[in-house]
Structure formats: structure tokens, C-alpha cells
Amino acid sequence: MTMVEEPITIIPARVGGVEVELPLGSTVLDACRRAGADLPTLCYGPTMTAANACRVCVVEVEGSRTLVPSCSRKLEEGMEIRTDSERAMHSRRLVMELLGSASELDRAGPDLERWMRQARAMSGRFGPAEPETPRVPPEPGHHRPPDTASAASVAEPARVEDELYVRDYGRCILCYRCVDACGVEHQNTFAIAVAGRGFDARISTEFDVTLPDSACVYCGNCIAVCPTGALAGKIEWDMREQGTWDESRQEVTRTVCSYCGVGCNLDLHVQDGRIVSVTSPHDHDVTLGNLCIKGRFGWMYVDSGRGV
Amino acid sequence: MDLRDLLDQPTSTERAAVDDLLGSAPSGWDGGEITPLDGHVAYGGHEARARRHLLLPALHAVQDAVGSVSKGALGYISTRLTVPPAEAYGVATFYALIDTRPRPATLIHVCDDIVCSRYGAEALKQSIEAEIGTPGATTSVGGSNVGWVPSPCLGQCDRAPAAMVHRAGTGYQNVAPAQLATLTGLQFDELPPGLIHQDRSTLTLLRRIGVVDAGSLDAYRSSGGYETLARAITMGRQDVVTALETSGLRGRGGAAFPIGLKWRGVAEAAGEEKYIIANGDESEPGTFKDRILMEGDPFAVVEAMTIAGFATGATKGFAYVRGEYPVAERRLSGAVDQAREAGLLGADVAGAGFAFDIEIRRGAGAYICGEETALFASIEGLRGEPRQKPPFPTEHGVFGKPTSVNNIETMVAALAVLDMGAEQFAAIGTERSTGPKLFCISGDVARPGLYEVPFGTTLRDLIVLAGGLREGNEVGAVLVGGAAGSFVDGDTLDMELTFEGAAEARTGLGSGAVIVFDETTDFGPVLRRIAQFFRDESCGQCVPCRIGTVRQEEALARLAADRPLGTLTDELGRLDDLAKVMTDASICGLGQTAASAIQSAFRLGLVGAAR
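As given, the protein sequences belong to chains A and B, one line each in that order.
First residue of the first sequence? That's 1 in the numbering used here, and the numbers climb one at a time after it.
First residue of the second sequence? That's 1 in the numbering used here, and the numbers climb one at a time after it.
Note that these hints are calculated values from the structure, not bench results.
We put the CB at the ideal spot given by N, CA and C, even for glycine.
Do not take every clue at face value.
In the BS3-like style, the derived pairs of lysine-lysine whose C-alpha atoms are separated by at most 27 Å in a straight line are [claimed, not checked]:
| # | chain 1 | residue 1 | chain 2 | residue 2 |
| --- | --- | --- | --- | --- |
| 1 | B | Lys316 | B | Lys401 |
| 2 | B | Lys401 | A | Lys74 |
| 3 | A | Lys74 | B | Lys316 |
| 4 | A | Lys234 | A | Lys294 |
| 5 | B | Lys401 | B | Lys389 |
| 6 | B | Lys389 | B | Lys316 |
| 7 | B | Lys125 | B | Lys389 |
| 8 | A | Lys74 | B | Lys580 |
Sample of chain B residues facing chain A (criterion: CB under 10 Å; computed from the structure) [claimed, not checked]:
| # | residue |
| --- | --- |
| 9 | Glu380 |
| 10 | Arg387 |
| 11 | Pro544 |
| 12 | Ser586 |
| 13 | Gly605 |
| 14 | Val607 |
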């Protein structure tokens with residue numbers, strides 16, 4: 001069998017006046033990054049189809065009335081792109097401020113921290129965030145009037161339902177990545193979806209039943225794509241709550257999962273001689289960062305103290 | 001996919017409601033009786049998944065029958081349609097008119113939107129609250145459990161205050177003007193489409209409303225109906241599209257896109273499977289023109305859609321009717337049935353050798369579903385979330401196929417183009433805004449209602465046509481284009497009502513809503529109601545709109561309570577910042593216009609400190 005490679009068409013475009021050339025099918029984001037722009041992204045994940053929801057990556061494209069989401073817009077020949085126009089920078093800052101005003105972002109990682117610092121984003125400018133309240137069933141089209149003292153937030157008690165993982169939805173930015181990973185993008189389990197509408201939309205199982213009562217298979221592939229720490233392994237979440245989680249003290253060892261013949265790569269994150277989390281490399285072309293329950297959670301016997 | 005079913009079982013009523021729509025379950029795999037054969041044969045695959053588009057109709061069926069969708073009913077629907085329960089729940093909880101929690105058998109939706117709240121809705125709400133209790137509470141009235149909830153605009157602004165009553169097992173009905181006694185007496189007559197104050201013989205788009213029996217194909221035909229289809233067939237596909245291009249007819253739903261370009265796009269798009277959608281999901285506060293057309297001249301909508309099918313090569317049409325318009329839904333369904341029986345829809349339309357048929361889809365309380373890409377999602381059985389364009393619907397529309405979405409009024413205006421000739425049509429109005437146009441005038445005028453005028457009529461003349469202001473008051477401001485439009489003040493009354501004239505006056509014609517406020521108006525509550533509307537109707541997909549609409553409403557609430565965060569200037573700056581991000585970075589028109597009316601009110605100094 002001979003492999004016939006499609007000829008790659010290269011198209012030119014300009015980012016902030018800088019000429020770039022990329023293969024046809026690239027995104028505006030690819031072009032911006034090629035030109036050296038440090039554009040923020042949140043709902044965009046390299047292993048998934050862009051959800052195009054958060055709008056934190058918007059840029060200006062000549063001829064377009066509104067700003068363009070760079071993650072999902074395909075690059076066209078001769079596009080004139082500007083990442084640093086006042087309009088684009090304003091919208092990117094506001095998106096980060098709005099997200100920060102409604103969700104807890106302190107576990108969203110160093111990238112977002114840098115982007116917010118660079119943009120001088122101030123999430124506190126909309127008032128103190130409303131305190132945590134238990135989730136109520138959705139009532140689309142209706143909401144309580146604002147209380148004039150606080151900024152509505154998504155804060156709700158973290159769901160610690162089992163020893164495998166925690167759903168801490170007060171950190172959720174509704175980026176759709178967990179839903180897509182659970183669904184058509186990766187796992188095809190469809191245990192969770194977005195329910196409710198508008199600001200009251202939340203990630204939910206049917207009728208908000210607990211995960212064991214849902215279709216969830218505990219693969220944890222939602223954890224692997226969550227950008228804000230709203231979904232986390234139980235051990236990691238506990239350590240973060242206790243303030244003992246410290247990535248600088250962690251060693252990552254790559255190995256191969258021993259459970260079946262697929263041979264998924266595992267990255268064992270070890271802190272103080274104890275496995276604290278297991279991930280799979282996102283750039284692996286077989287797993288794309290995905291694992292099953294055994295690969296992701298089936299190692300706890302190692303530290304159980306009861307031997308094998 | 002490997003679905004896990006909800007374990008609750010449907011009641012026999014719920015099951016019957018779903019089976020009425022889908023037919024009884026053919027096997028154990030579909031939630032039916034498990035037979036020995038089911039152990040050997042599995043049904044599934046593409047065919048099973050391809051029925052997802054029936055999700056919203058199935059939810060409606062259960063909601064209509066028992067008043068809410070229980071776990072058992074949702075589970076049964078999921079199994080029947082091979083939809084994951086979590087996704088079905090996500091869809092059910094997207095719509096205001098689908099309840100996933102038990103509710104009283106009779107639910108009264110009381111409009112308290114911009115117009116109704118100024119014309120009796122507040123008093124009505126108070127009296128209902130005294131009789132029934134707070135929204136969500138249930139009381140027994142005459143042996144029936146009754147509850148109520150406030151509602152966004154019900155499209156009855158010419159006869160405010162409006163209400164809509166859903167009665168499980170019976171149906172739903174509009175009541176306007178609504179009074180407590182009528183509502184709790186639970187006896188309603190079917191409302192007429194609404195009073196047309198103009199002489200029908202001088203009108204084009206409205207000439208049959210209230211004059212020709214909307215329930216009879218014969219009556220329609222004897223008033224010239226279906227002559228246009230015959231003419232179109234004689235002209236041929238190409239000439240129909242060319243005529244529409246020459247006419248300059250632009251969409252009447254708000255985006256003002258030339259219809260000829262759309263039809264040509266679909267006609268020339270590759271592939272056999274193409275769709276026509278008549279967008280009757282009119283939900284813009286202050287708008288009721290499409291309701292009146294669908295209720296009063298449903299055959300015209302059907303005929304226009306058929307011509308669209310002929311011209312573009314689409315064989316299937318959807319008429320998407322707002323979930324708050326029961327009469328429109330019944331009339332259109334009746335018209336489709338009669339047309340099909342007469343051979344004017346079906347495999348060989350009018351013996352002319354082309355196929356076209358129409359399916360009616362009912363919305364379920366979501367303003368966003370009037371946005372064309374959200375409308376696709378709604379028809380497909382997904383949450384009504386818009387998607388980014390490009391790709392455009394003429395290439396990638398409903399079910400991923402080339403689709404032309406046209407507003408109901410645009411459809412009816414297309415008939416006028418072919419009737420009077422493209423040049424004649426183009427001679428009406430201005431160069432860039434051609435033809436007759438409908439305006440829905442409500443608020444503080446003597447004769448609110450639907451008016452047909454040529455493009456180019458001034459706002460002042462339109463108000464005069466509606467009898468001028470009530471009680472001889474002066475104009476305070478006019479909200480042109482509904483909640484998504486902008487205010488203009490008394491100095492702008494000579495603006496020409498055209499697409500270009502509106503743009504010049506820093507507003508947009510939008511859906512043709514014209515809400516007049518007199519000089520005594522306190523605009524604070526009006527703006528807060530608009531902000532509340534957008535916060536309620538945002539789909540929640542993109543951040544600028546999902547959170548921006550919340551922050552906008554909060555800022556207005558703080559200003560109203562005189563509890564600003566920082567100084568007044570800080571608050572106005574914050575509102576400005578929000579307006580920019582919503583306008584520039586939202587996915588769709590909802591977020592892009594969510595700040596427009598509020599910003600214009602500040603600009604004109606209608607509220608607080610003028611800027």
C-alpha cells in the first residue's frame with residue numbers, strides 16, 4: 001500500500017503587519033502564535049474541536065464587524081489580523097474580568113495568571129462575589145432580582161462524592177470541555193451536559209443525579225481537560241485544600257499502563273514519594289491525554305500500605 | 001454509544017403522550033415490551049440516532065399532557081430517541097415552557113414586559129398574587145390546581161396586559177387583555193389576530209387579515225391565493241430568484257439580508273438535501289407582526305414557503321412557530337394539512353413536477369431560538385445555542401445542509417414581489433429599503449396595533465397613523481426595534497423609517513417594533529426590564545453575554561437603589577465597558593445588542609445623569 005500525501009497548500013496572512021505563512025486549514029490562533037502573540041485561551045484545548053465559547057482569544061480581522069474568535073476561525077488567504085487593537089484587548093480583558101467575577105480562578109494555572117496580569121484584569125470591579133449556595137434546579141427564563149450588594153457567582157459547595165474525584169463547580173467557567181470530552185470528542189459516554197440557561201447554566205447529569213447514578217464511567221477524561229481545577233482527582237483536591245499541593249516538588253515519571261494491551265502512556269506525578277495524580281500526555285497520538293478508570297485511578301493500591 | 005437509561009418508569013399518560021407522537025415502541029430496545037426476539041436483534045445505529053430532532057416535540061407532548069416532564073418521562077423519551085438522558089435534560093432545561101419540576105395543572109404566564117408592565121400588568125400581578133400566591137405557589141381554583149409565573153413579552157402588545165394559560169391535557173391559550181376573573185375562571189375564547197386599523201383594500205401584506213377566512217383554502221384561493229405559485233412556476237426557478245434580487249427585498253426579521261441572495265445561495269449550493277425555514281419565532285419585545293400574519297393569513301406563509309422550495313430546490317420546509325402563539329400554530333397546521341390534501345404540498349406540488357412539504361415546529365420559550373443558527377439547533381433537538389458564522393446557513397444550515405431562513409413577513413413580502421412585479425415593488429420606498437413594511441406600534445399611542453406603510457414613512461407620520469399620543473401628551477422617547485433596538489427622542493421623529501434612515505438615527509428597525517413612551521415616563525424601570533430580559537434570555541454559551549448581561553442588570557439595580565459601586569462615573573464606565581465587550585465579542589446578535597437600548601437611553605439623557 002502506498003500512502004499518497006495530500007499536497008499542503010500554504011497561505012499567507014498578516015498579523016499586526018507581520019507576514020506569516022501557514023498551511024490551509026490552520027486557525028487564526030495558529031497564525032497569531034506563529035507571529036509570536038501570547039493570546040490567552042481557556043475553552044480551547046489542542047486535543048479537541050474548539051468550543052468557541054469563552055471568547056478570551058478574540059482578535060480583530062479586517063472586514064469583520066465584530067471581533068473574531070481566533071481559536072475556531074479558519075485562516076483565510078490574505079487575512080489582516082490584529083491582536084493588539086484597543087477593541088480586541090478590551091474584550092479579552094473584560095472576558096477575564098467577568099469570568100473572575102463569577103468563578104474562583106485561583107487554580108486555573110500560571111498561564112491565566114500571566115494573561116490576567118498582563119491585561120490588568122480586575123475581577124473585583126463588579127463587587128464582592130455572592131457567597132456559596134447549594135445549586136437549585138434550573139428555571140430558565142426566571143431569576144432572582146439582583147441584591148445590589150454582591151456580584152452573582154456560580155459558587156456552590158464542592159461535590160465530594162467518592163474517593164476518585166471532586167466536582168468543585170464554583171470554579172467552573174462553562175467552557176464545555178468536560179462535556180465534549182465525556183461526549184463525542186473523546187469518551188462517548190454522555191454522562192454530563194450543560195443544563196439550564198444563561199448565567200444559571202451548569203454542568204449537570206440528568207436531574208443532577210450523583211455520578212454513580214449517572215452514566216459516568218469514572219474515566220476522568222473530564223478532569224484531564226478542565227482548565228480551572230473545577231474537576232480534580234480527590235487526592236489532588238484534598239492536598240490543594242490543605243495547601244500541601246506543590247508542583248515544584250513533584251517528579252513526573254512516564255510509564256506504560258499495565259492493565260491491558262493498548263499500552264497507554266501514564267505520567268505518574270509523585271510528591272514526597274507518593275503518587276498524587278496520574279495523567280496521560282496530551283500530545284500522544286493514540287490517547288490524546290485520555291485514559292480509562294484503571295489507568296487514571298487504578299494505582300491507589302501502591303500507597304495503600306497493605307501491600308500488593 | 002452506550003447509553004444508560006433513567007431507571008424511573010413513565011406513567012401510562014406520559015407513555016401514551018410520547019407514543020402518540022412517535023408511534024408505540026417497536027421493541028424492548030426502544031422502551032417497549034421486551035420480547036424473546038429482542039435478545040437476538042439489536043436496533044440502533046444511525047437510524048435510531050437520526051430521530052433526535054424529535055426531542056423537543058416529544059418534550060412538548062409530555063408537557064402538554066401532564067404539565068411537566070418527570071424523570072420517568074424524560075427517561076422514556078431518551079430511550080425512544082436514543083438521546084443520552086443528560087443531554088435530554090440539558091435540552092429540557094433550556095426552555096422556559098418545559099418544566100422539569102412538578103407544577104400545577106394550570107399555569108398562567110403573565111406578561112410583565114416593557115409594554116404590558118405599563119398597561120395593567122403590575123396590577124394584574126398583584127391581584128393574581130393575592131388570589132393564587134407568589135409565583136410558583138399552587139392554589140385550588142374551582143377544583144383545579146392553578147399557579148402563575150411572570151413572563152417575557154407574549155406578542156400581544158396592542159391589547160395589553162397579556163397572559164397565556166397552559167392547561168395540562170387541554171392545551172394552551174392567549175388571553176389579552178387579561179383580567180383576573182377571566183384567568184381564574186379558566187374560560188377563554190380564541191383571540192382574533194388583532195384589530196387592523198387601516199383600510200384593508202389599500203394594503204398589500206395585510207390585505208386578507210380579518211377579511212378572508214384564515215381557516216379555509218377555498219377562501220384563500222378566491223382571494224387570489226395560489227395565483228402567485230402558478231406565476232412562479234410559469235416564470236421558472238431562475239426568474240423567481242432574479243425577480244427577488246431585482247426587487248431589493250431585504251429580510252424583515254432584523255438582519256435586513258437580501259432575500260434574493262439567500263435563495264440564490266441555496267439554489268446554487270451543492271447537494272440534493274436543502275431546507276427552507278420560515279422563522280415565526282418572533283420574540284422581540286414589542287413585536288407581533290408575524291403572529292398576526294400567521295394567524296390571519298396562514299396560507300400565504302405556506303404558499304410563499306412552497307415558492308421558496310420551488311426556487312431553491314429545497315424539498316422540505318420547517319415553519320418554526322413561537323411557543324407562545326397557540327392560534328398561529330393551529331392555523332398554520334390547518335393550512336399545511338389543507339394544502340397537502342389539495343396537492344399543493346407533497347411529492348408533486350400542483351402537478352408541476354417538484355416536491356415540497358412543510359413541518360410545523362413549536363418553540364418552547366426561548367428568545368434566542370429566533371436567531372437562525374440557534375433555530376437550527378432547536379430543530380435538531382439540541383440546546384438552542386447559536387454557533388459562529390461562517391459557515392453561513394446557505395451552505396451549512398439545519399442538519400448541516402444548505403438552508404434559507406426567512407422571517408414570516410419576508411416570506412409574505414416575497415409573494416408581493418411576484419404579484420406586483422419586481423420593478424413595481426422596488427419603486428416603493430427608497431433605493432435601499434424597498435417595498436411595504438409592517439410596524440408594530442405599542443405603548444402610549446391612541447391606537448396601538450399593526451400598521452403597513454411604505455418604507456420611508458417618517459416616525460412622526462407612523463405615530464399619527466396610530467392616533468398620536470394618548471391624552472395629548474408629547475413624545476418622551478421611542479424604542480425602535482424592540483429590546484434589541486435603540487431609543488430615539490422627540491427630536492428625531494422626522495427620521496425616515498428605512499434601514500439607512502434608522503442607522504443614521506443610531507438605531508435599527510430590527511423586527512419593526514415601535515414602542516412609544518410619553519414625556520411622563522420614568523425610564524429607569526423600562527431599562528431594568530430590558531436588562532432583566534437579556535439576562536433571562538441569554539443562552540449562556542459565551543462569556544460576554546452570559547456574565548455581561550448579569551453585570552449590566554446588577555449595575556442598573558445599584559443605580560436604581562442609589563447604592564453605586566464607587567462613584568456614578570464608575571458605574572457608567574462599567575456599563576460602557578460591558579456594552580463594548582458584549583457588542584464586540586458575543587457569538588450572536590443577542591449579546592451584540594443586549595446593551596444597545598440601555599446605552600442609547602444614557603446617551604439621550606433619558607435616565608440619571610446625562611452623558
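Query raised in the report: When the nearest CB of chain A is found for Pro544 (chain B), is that gap smaller than 10 Å?
Result: holds, 6 Å
Report task. Verify the proposed pairing of Lys74 (chain A) with Lys316 (chain B), using a straight-line Cα cut of 27 Å. Result -> Status violated; Cα separation ~31 Å.
**Report entry** Given pair status - Lys401 (chain B), Lys316 (chain B), alpha carbons within 27 Å
**Finding:** holds, 11 Å
Query - Pair hint Lys74 (chain A) and Lys580 (chain B), alpha-carbon separation not exceeding 27 Å - result: Holds - the C-alpha atoms of Lys580 (chain B) and Lys74 (chain A) are around 24 Å apart, at most 27 Å.
Query raised in the report: For the pair supplied as a hint, Lys401 (chain B) and Lys74 (chain A), is the alpha-carbon distance within the 27 Å limit?
Result: Distance ~20 Å between Lys401 (chain B) and Lys74 (chain A) Cα, so the pair holds.
Query - Hinted contact Arg387 (chain B) with chain A - closest CB pair below 10 Å - result: Since chain A brings a Cβ to about 7 Å from Arg387 (chain B), closer than 10 Å, the hint holds.
Query raised in the report: Can Gly605 (chain B) be said to touch chain A, with a Cβ gap under 10 Å?
Result: violated, 23 Å
Query raised in the report: Do the alpha carbons of Lys389 (chain B) and Lys316 (chain B) lie within 27 Å of each other, as the hint requires?
Result: holds, 23 Å
Query - 27 Å limit on alpha-carbon distance, applied to hinted pair Lys234 (chain A) and Lys294 (chain A) - result: Within the cut-off at roughly 15 Å; holds.
Query raised in the report: Does Lys389 (chain B) lie within 27 Å of Lys401 (chain B) when you go C-alpha to C-alpha?
Result: holds, 14 Å
Report task. Could you check if Glu380 (chain B) really has its C-beta closer than 10 Å to a C-beta on chain A? Result -> violated, 14 Å
Query raised in the report: Between Lys125 (chain B) and Lys389 (chain B), does the CA-CA distance stay at or below 27 Å?
Result: violated, 41 Å
Hints 3, 7, 9, 13 and 14, counting from the list given before, are not met by this structure.
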